[in-house]
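K.L.:
For reference, the chains in residue letters:
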Amino acid sequence: MKAMIWKELRENLKWALLAMLALGLAEFYCLLEMNDSSNDSAATLCKSSFLTATTFGCAVAGIILGLVQILPEQKRDQWAALLHRPVTRGTIFRGKAFAGILLYLLATIPPFLACIWYVATPGHYAVPFLPAMTLPGIADICAGTMFYFAALFVGVRRGPWYGARIFGFPAALIGSAFVNDIFFGVSIGVPTLMALVLFTAGCGAISTNGALRDQPWFVRFATVGTVVCGAFALSALTLSILFMFSLRQAYYGTSYNVDLEGRPLKFIQGKDGLTVTDLTGSPVHDQRFTTGSSYNYLLSFAQVTDDIMGDFGQRKAMPREMEEGYRNNRTYVVAAAGAFNTYTESWYYLPQERQFVGYYTKTKQRIGAIGLNGFRPGYEEASPFPARIAASLYNVPAFVQFGSTVYHNDFDQRKLTPIFSEPGTPVFGTAPMESAQDHFISQNWAAVALLDKMLVVDKAGQVLATLPYHQDMTRWGSVYIAVTPSKDRFFLQYYPSQWINYKQREKMPSFYEEMDAKGNLLHTYTLPPIAGPVEMPTWQGYPMEYLLPPPIFVVGYLAYDKVGALCGSKELASDLDEAWTDEWGSIKSFLICGSTASFLFALVTIAWARRMHFSWGRTWAWALLVLAFNIAGFITFRLVADWPVCVPCPQCNRKRPVEEIKCPHCQSLWPAPKLDGIEIFEKRSPIAQTVS
Amino acid sequence: MSEQPGASPVIEIDHLTKYYGTREIVSDLSLSVERGTIYGFLGRNGMGKTTTIRIFLGLEDPTRGSARVFGLDSRKLPPEARARIGYLPEGHHVYGWMTVKECGQFQASFFPSWNQDIFETVLTHFRLTSKMKAGHLSRGQRAGLCLALTLAPEPELLVLDDPALGLDPVARRSLLQSMLYVTRRADRTIFFSSHLLSDVERVADRIAVLDGKVLRADCSVETFRRQIRHFVLKFRDSPPPTPDIPGLLESFRSDREMALTLVNVTPEIENRLDALQPQSIEPVDLTLEDAFISYVGERGEKTFFMNGKESK
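For the protein sequence lines, the chains are Z and C, in the order given. Residue numbers for the first sequence follow my numbering, beginning at 1 and rising by one. Residue numbers for the second sequence follow my numbering, beginning at 1 and rising by one.
None of these hints come from the bench; they were simulated from the model. Keep in mind it's a predicted model, so treat the numbers as computed, not measured. Among the hints, a few may not be true.
[Unchecked claim] Covered by chain C, according to a simulated footprint, are these stretches of chain Z (three or more residues, beta-carbon under 8 Å):
#1 1–12
#2 209–215
#3 647–660
[What the hints assert, rightly or not] Label pairs and their calculated CB-CB ranges:
#4 C:L72 <-> Z:S589: 55 to 61 Å
#5 C:T266 <-> Z:R610: 17 to 23 Å
#6 C:S130 <-> Z:P648: 34 to 40 Å
#7 Z:G210 <-> C:D187: 40 to 46 Å
#8 Z:P160 <-> C:D255: 54 to 60 Å
#9 C:E120 <-> Z:I109: 54 to 60 Å
#10 Z:L675 <-> C:E270: 21 to 27 Å
#11 C:L72 <-> Z:P648: 56 to 62 Å
#12 C:E298 <-> Z:L102: 56 to 62 Å
#13 C:T266 <-> Z:D642: 46 to 52 Å
#14 C:E120 <-> Z:D642: 45 to 51 Å
We put the beta carbon where it would ideally sit given N, CA and C, even for glycine.
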């Protein structure tokens with residue numbers, strides 16, 4: 001194996017170096033490229049363009065290295081010379097794979113390390129660097145191994161390109177989908193598992209001469225698993241494209257707004273353009289709303305909270321990871337102020353450190369940090385705030401909320417001033433007031449959502465308005481606020497709380513409440529629910545819904561929830577309850593139509609397998625696979641099963657498998673080759689020694 | 001452990017049939033190669049020689065039947081058995097980026113019984129030096145390097161698939177000499193396919209001939225030559241029509257002569273030739289090449305007369 005590793009390393013080093021160079025250039029280009037989005041440019045190693053380079057770059061590097069290791073040697077005699085050695089074929093494959101992985105790591109890790117060095121060294125970027133920001137890149141490098149093994153599988157498997165062979169790549173694509181999971185462990189674990197499956201399938205493909213039946217059971221599982229995943233990905237892709245091209249939307253967009261005079265209006269964007277009506281449905285003919293800048297004539301609503309009951313209500317606290325995945329740049333760094341080049345300073349909030357840090361945009365050196373204990377210059381650490389920052393304050397940090405304390409933020413003065421904090425009074429959200437017409441309001445006023453009222457405060461902490469709620473806040477807990485240009489009338493808009501299932505939310509109305517600064521209710525407007533986008537059913541939609549989801553996943557998902565619920569998991573019990581209540585319609589529909597499709601495919605499988613003289617054992621095994629995986633299983637059956645070649649029987653003229661000694665129809669043996677009288681067969685004589 | 005010559009067949013092929021798709025490549029082939037034999041495997045292109053070799057080396061699966069090497073099923077040849085088999089596929093592939101020395105080191109690392117002396121002897125025979133880049137070698141030199149790599153592990157069974165293909169006469173001769181070097185020990189077996197009948201005649205003890213996907217001959221070279229006979233029948237006038245004689249491979253008629261090539265000639269057939277009343281019957285000795293061409297070539301009558309008119 002050492003010799004094989006040496007040979008592969010020597011032979012393919014040039015490709016690895018080339019891939020390293022290309023990947024390095026791509027990654028550095030993406031890193032150095034400025035992005036207009038302040039959020040994205042703050043992310044460095046989590047920048048979307050950089051992650052695009054690592055995601056695709058590592059996958060392409062893996063594919064290229066895998067293919068160049070196999071394809072040039074695949075000429076018949078060259079391959080034979082490689083395989084005919086006193087080692088097992090598995091050893092040859094492992095030698096190739098080990099060397100290939102080393103080459104792959106050589107191609108991918110040094111450029112990535114160089115990028116880490118570049119962004120982590122002060123003076124290069126006016127953006128903080130956190131070691132955890134390397135996780136997405138690490139996950140991409142890990143996922144690239146999957147594509148490497150997919151390329152090995154595609155290379156060594158016998159058969160035509162368009163057959164089971166090519167399915168290694170879409171199988172890797174399925175694995176790579178998990179890289180986007182919010183949990184780093186999942187995004188590393190699933191691709192690693194898939195890489196292992198592809199490695200096993202590749203090892204099995206080289207170890208036999210192509211037949212599935214000669215492989216050990218776990219290799220057969222790996223091969224079938226690979227092709228099932230690949231078939232699932234390909235059929236999903238095909239059906240999605242068909243679906244996308246034929247989607248007919250009956251809905252174009254409807255929304256409620258309030259004009260500057262405080263008049264609630266309904267904006268209906270239909271086929272024939274924009275229609276504006278009042279809440280009674282009477283048309284409103286106003287030229288201001290038909291221009292492209294209609295927002296100048298409408299109030300700007302700012303969302304203060306998405307769930308007023310928050311952790312006190314029915315909803316469980318959402319784990320932080322659910323909000324901020326490891327690939328999300330906001331998990332590590334949030335641009336707080338001056339992240340554009342035009343500013344002399346850039347400030348960022350570090351959610352994990354719970355403090356703000358600032359950088360000079362010119363020298364790229366750190367200004368200091370602002371935390372609970374105030375400003376700390378240079379690289380001194382500030383004390384972290386005791387609670388997480390309120391998520392709704394990202395991007396607009398003039399007012400920030402930590403726990404139930406609201407601060408006014410002044411980076412120029414390097415200080416955070418508490419402007420609202422009442423012991424025992426939870427704050428459910430804070431947002432700067434928005435106004436398209438009055439810049440002063442946007443900079444100086446904030447809305448603070450409490451349990452029973454909304455406060456409007458200025459940056460000194462003075463309460464400008466107290467607005468009590470008049471709705472059922474357990475159900476309409478998503479609250480927005482706006483103020484008229486005259487600053488004497490406030491509008492609260494209530495939407496159904498986020499914890500409520502979206503299907504129920506779609507049927508619930510929302511409300512406008514108009515109040516003065518003292519909280520007197522002037523008007524309440526009920527806004528009928530707006531139907532969500534209606535996607536008309538198309539013929540392509542049915543295959544999407546009924547052919548694609550493998551029944552085993554649906555049934556397995558329910559069984560998993562059930563077992564979890566029986567074991568005492570409240571979360572799984574809640575999921576199961578939701579499935580039986582909110583999703584039962586779609587589950588029932590699938591169980592009827594999808595399982596029927598699956599069952600029909602299984603019947604076709606049985607008929608086809610028996611017609612091709614499969615044994616009953618093999619027939620049932622394939623039928624079960626098809627039943628479990630629907631169309632993906634059926635494609636796998638067609639591509640992976642050891643299909644016998646059938647030719648007409650010389651005796652009965654019916655098709656018989658060439659591998660069988662007896663005809664399954666007439667039981668006749670194959671006839672001996674016809675002798676034509678010219679044969680020369682001689683018994684052996686004692687062997688004469690040949691002397692050179 | 002090496003066994004005595006003739007103790008058991010080194011290669012046993014039993015009713016081997018191979019299909020590619022619905023096309024039958026080899027049909028019901030049975031063959032047995034005894035230890036210590038030099039076996040020539042002959043046949044025209046596309047008759048299944050390489051396929052047969054690949055099957056008994058375990059590189060392809062048979063559709064029906066079986067093949068055994070050293071008594072082991074070819075589909076499950078363990079590494080220990082492969083170490084006893086030297087295989088030189090046609091094309092003489094080498095890794096072009098390696099030097100001759102590196103080629104040897106790479107190959108030696110796989111074989112426990114690597115004989116560096118043999119390797120160097122064969123290299124010298126082909127005028128190869130260790131620093132030469134494999135990718136820069138001539139075709140003959142490349143063949144020599146491949147042969148050195150195949151012979152150095154001292155295989156008990158040497159399988160060569162058309163080893164002299166594309167080589168000049170000098171390289172061919174060197175190849176043959178090197179090949180025969182391996183049979184200095186009586187327990188070594190060589191199985192080779194070739195189109196160069198003079199080479200086969202020079203070294204082979206026995207030959208097997210595949211024709212039309214079927215094994216037609218399995219005999220010694222001498223027997224093969226003896227069984228295929230060529231007669232020139234001279235007539236006073238135009239020769240009579242070609243008689244329907246069993247074993248007639250080809251006939252050639254001209255103004256006063258009829259040449260017949262026959263296989264498995266019996267006294268009865270000779271009597272039928274006499275019955276044609278020729279002026280004389282001259283038996284002509286055939287080389288193996290002539291015999292082989294007649295044997296596997298197009299059968300039937302060949303003549304200068306076309307549609308009753310003499311061609312120019």
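K.L.:
Each of the hints needs a verdict: does it hold here or not?
P.N.:
Structure-based check of each hint:
| no. | hint | result |
| --- | --- | --- |
| 1 | 1–12 | holds (count 6) |
| 2 | 209–215 | holds (count 4) |
| 3 | 647–660 | holds (count 3) |
| 4 | C:L72 <-> Z:S589: 55 to 61 Å | holds (58 Å) |
| 5 | C:T266 <-> Z:R610: 17 to 23 Å | violated (53 Å) |
| 6 | C:S130 <-> Z:P648: 34 to 40 Å | violated (58 Å) |
| 7 | Z:G210 <-> C:D187: 40 to 46 Å | violated (35 Å) |
| 8 | Z:P160 <-> C:D255: 54 to 60 Å | holds (57 Å) |
| 9 | C:E120 <-> Z:I109: 54 to 60 Å | violated (42 Å) |
| 10 | Z:L675 <-> C:E270: 21 to 27 Å | holds (22 Å) |
| 11 | C:L72 <-> Z:P648: 56 to 62 Å | violated (35 Å) |
| 12 | C:E298 <-> Z:L102: 56 to 62 Å | holds (57 Å) |
| 13 | C:T266 <-> Z:D642: 46 to 52 Å | holds (49 Å) |
| 14 | C:E120 <-> Z:D642: 45 to 51 Å | holds (47 Å) |
In this structure, the earlier hints numbered 5, 6, 7, 9, 11 are contradicted, and the remaining ones agree with it.
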